[in-house]
Structure formats: C-alpha cells, structure tokens
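Enquirer: The residues making up each chain are set out below.
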Amino acid sequence: QKEVEQDPGPLSVPEGAIVSLNCTYSNSAFQYFMWYRQYSRKGPELLMYTYSSGNKEDGRFTAQVDKSSKYISLFIRDSQPSDSATYLCAMILIQGAQKLVFGQGTRLTINP
Amino acid sequence: KAGVTQTPRYLIKTRGQQVTLSCSPISGHRSVSWYQQTPGQGLQFLFEYFSETQRNKGNFPGRFSGRQFSNSRSEMNVSTLELGDSALYLCASSSSGQDEKLFFGSGTQLSVL
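Top line first, the protein sequences correspond to chains A and B. Counting from 22, one number per residue, gives the positions in the first sequence under this note's numbering. Counting from 192, one number per residue, gives the positions in the second sequence under this note's numbering.
Derived by calculation from the structure, the hints in this document are not laboratory data. Quick caveat: nothing in here was measured; it's all calculated off a predicted structure. Positions of the beta carbon are idealized from the N, C-alpha and C atoms, including for glycine. There may be inaccurate statements among the hints.
Claimed, not checked - Non-contacting residues of chain B with respect to chain A, defined by C-beta distances greater than 10 Å in every case (computed): (1) Gln208; (2) Gln245; (3) Asn247; (4) Phe251; (5) Ser261; (6) Asn262; (7) Asp276; (8) Lys292; (9) Phe294; (10) Gln300; (11) Leu301.
As the list claims (entries may be wrong) - Far from chain B, some chain A residues (derived; all Cβ distances over 12 Å): (12) Lys23; (13) Gln27; (14) Pro35; (15) Glu36; (16) Ala38; (17) Asn48; (18) Tyr60; (19) Glu66; (20) Arg81; (21) Lys91; (22) Ser94; (23) Arg98; (24) Asp99; (25) Leu121.
What the hints assert, rightly or not - Lysine-lysine pairs mimicking DSSO-like chemistry, simulated, CA-CA at most 27 Å apart: (26) A:Lys77 to B:Lys292; (27) A:Lys77 to A:Lys23; (28) B:Lys292 to A:Lys63.
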C-alpha cells in the first residue's frame, strides 16, 4: 500500500465547473500538505501549502485538510482551460527525519 | 530572480552508457533535491544535497549518484544505463531543506534505447 494515494484520472470537465481533487494518506505523522501543478513538459510548481486541518483559499483554489480522516482536497472554482494540467498532492512525514512524499498525480483537462 | 535551470532538456542514450545531468538552483538556495518521474511510478525521490553534503537518499541503486558544488550547483550521474532509466529527471531547490517549499526546474527528459 502506498503512503499517499491519489487517483491518476484522467479527469475531464467542462469549463466553468467546480473541480475536486483528492488524496488520502495512511500515516498520521504527515504534517505539512501541499498541492503542485505540473504542465506538460514542465516541472511541478507549488500551488498551495497548508499545515492545519481546515480550509485555505487562494483565488479560485481552495485546499482542504482533514487530519482526522487523513484526507486532503483541492477545489478549483470556475475552472478554465488554462487549469488543464497534472495536479500532485505532496505531504511531509515527520518521524524523526523528515520525508516528502508525492501522490501519483491526477491529470485534469478542462474542455472549452 | 532566475528559476531552477536544468541542462540538457533532452537526452538520448543507449543501454550501458552513462549520463550526467546538471542543475543550477535559485540564487541563495542551498538545498538541491533530485527526483525521477515516470508515468507508472510518479515522482520518486533520489537524493538531496545541502552545502555539498548528501543529506537524504531514496531507494535507488548505486548506479545513481550525485554531488553538489560550493556554488550549490548540482550534478546527477547515472552509470550503466538501463531501459527502465528512461524518465523525466527533475531537480528542485529550496532555501534550507524538504520542509521548505520546493522550486522545480523543467527537467531533463532521458530516453534510453
């Protein structure tokens, strides 16, 4: 079983839809949670960075963390074709040494 | 501020050869991490260097090695290439380590024939 599970998709939605991307994890020692966006032929870029349970909003993006359920989500409102990319969740495991673990990534396409 | 620069962008090699990839981090960043990305396995951590010392290492065979220079630039070397080494190799820099936000380069796409 992987430490971080993320549905690879692909996910295809019409422009303007609300998109929900999710990851689950198994170890409660994960403390910091991130979402990266990766366009084709590019490296990942950091979108959101959170620590505590709850919601964090940045423009059309909302990151949600539920530590009790070991579940994190990224919501994209009013989705645009330019949001088409692969979205990777990532989290830092703190058990003595720190370890950064990425999810598999979800490939998202927004159709005009 | 310039971003993370990786060279070359594309590379084609044959089995048994060796390859060296280069990464220049963001100015002032002292930590450089290397990742391998494949469609099947996703992003997998190779190693991290901080101030010229390897601080963390992933579960890759000894054919994969790296180093960091005093100016924080880093190189990654893969010897005796195998077909399965075909992947996008990504370098990421941060100011101090993995608990910091990572800034990735565009990667080197390596194809092993």
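Enquirer: Each hint should be assessed against the structure and marked as holding or not.
Expert: Here is what the structure says about each hint:
Annotated as non-interface, Gln208 of chain B keeps its C-beta farther than 10 Å from every C-beta of chain A; the closest such distance is 24 Å. The non-interface label for Gln245 of chain B is consistent with chain A: the shortest C-beta to C-beta separation is roughly 13 Å, beyond 10 Å. With a least CB separation of 7 Å from chain A, Asn247 of chain B falls inside the 10 Å interface cut-off, contrary to its annotation. At roughly 15 Å from the closest C-beta of chain A, the C-beta of Phe251 of chain B stays outside 10 Å, upholding its exclusion from the interface.
No beta-carbon of chain A comes within 10 Å of the beta-carbon of Ser261 of chain B; the shortest separation is about 25 Å. The beta carbon of Asn262 of chain B sits about 21 Å from the closest Cβ of chain A, which is more than 10 Å, so the claim that it is off the interface holds. Annotated as non-interface, Asp276 of chain B keeps its C-beta farther than 10 Å from every C-beta of chain A; the closest such distance is 19 Å. Consistency note on Lys292 of chain B: stated as away from chain A, yet its beta-carbon is not over 10 Å from all of that chain's, at 5 Å minimum.
Not every CB of chain A lies more than 10 Å from the CB of Phe294 of chain B, the least distance being 7 Å, so the non-interface label is violated. With a closest Cβ-Cβ approach of about 8 Å to chain A, Gln300 of chain B is found to fall inside the 10 Å limit, against its non-interface label. Listed as a non-interface residue, Leu301 of chain B keeps its Cβ farther than 10 Å from every Cβ of chain A; the least gap is roughly 14 Å. A beta-carbon of chain B is positioned within 12 Å of the beta-carbon of Lys23 of chain A; the least distance is around 9 Å.
With 12 Å as the threshold on Cβ separation, the claim that Gln27 of chain A sits away from chain B is violated: the shortest Cβ distance comes to roughly 8 Å. Every CB of chain B lies more than 12 Å from the CB of Pro35 of chain A, the least distance being 26 Å, so the non-interface label holds. The claim that Glu36 of chain A is not at the interface with chain B holds, since no C-beta of that chain comes within 12 Å of its own (minimum 26 Å). Its beta-carbon lying about 25 Å from the closest one in chain B, Ala38 of chain A satisfies the requirement of being farther than 12 Å from that chain.
At roughly 16 Å, the least C-beta separation between Asn48 of chain A and chain B is larger than 12 Å, which holds for a residue marked as non-interface. Remark: the non-interface label on Tyr60 of chain A conflicts with the geometry, its nearest Cβ contact in chain B lying 10 Å away (cut-off 12 Å). Distance check on Glu66 of chain A: its Cβ comes as close as 7 Å (rounded) to a Cβ of chain B, failing to clear the 12 Å threshold; non-interface status is violated. Distance check on Arg81 of chain A: its Cβ is at least 20 Å (rounded) from any Cβ of chain B, clearing the 12 Å threshold; non-interface status holds.
Against chain B, the non-interface label of Lys91 of chain A holds: every CB pair exceeds 12 Å, the least being about 19 Å. No Cβ of chain B approaches the Cβ of Ser94 of chain A within 12 Å, the least distance being about 19 Å, so the stated non-interface status holds. Annotated as non-interface, Arg98 of chain A keeps its C-beta farther than 12 Å from every C-beta of chain B; the closest such distance is 23 Å. For Asp99 of chain A, the requirement that its beta carbon stay farther than 12 Å from each beta carbon of chain B is met, with the minimum near 26 Å.
With a least CB separation of 5 Å from chain B, Leu121 of chain A falls inside the 12 Å interface cut-off, contrary to its annotation. Under the criterion of a C-alpha separation no larger than 27 Å, the hint pairing Lys77 of chain A with Lys292 of chain B is consistent with the structure, at around 16 Å. The suggested pairing of Lys77 of chain A with Lys23 of chain A holds, with an alpha-carbon distance near 26 Å, which does not exceed 27 Å. For the hint pairing Lys292 of chain B with Lys63 of chain A, the CA-to-CA distance comes to about 17 Å; that is within 27 Å, so the pair holds.
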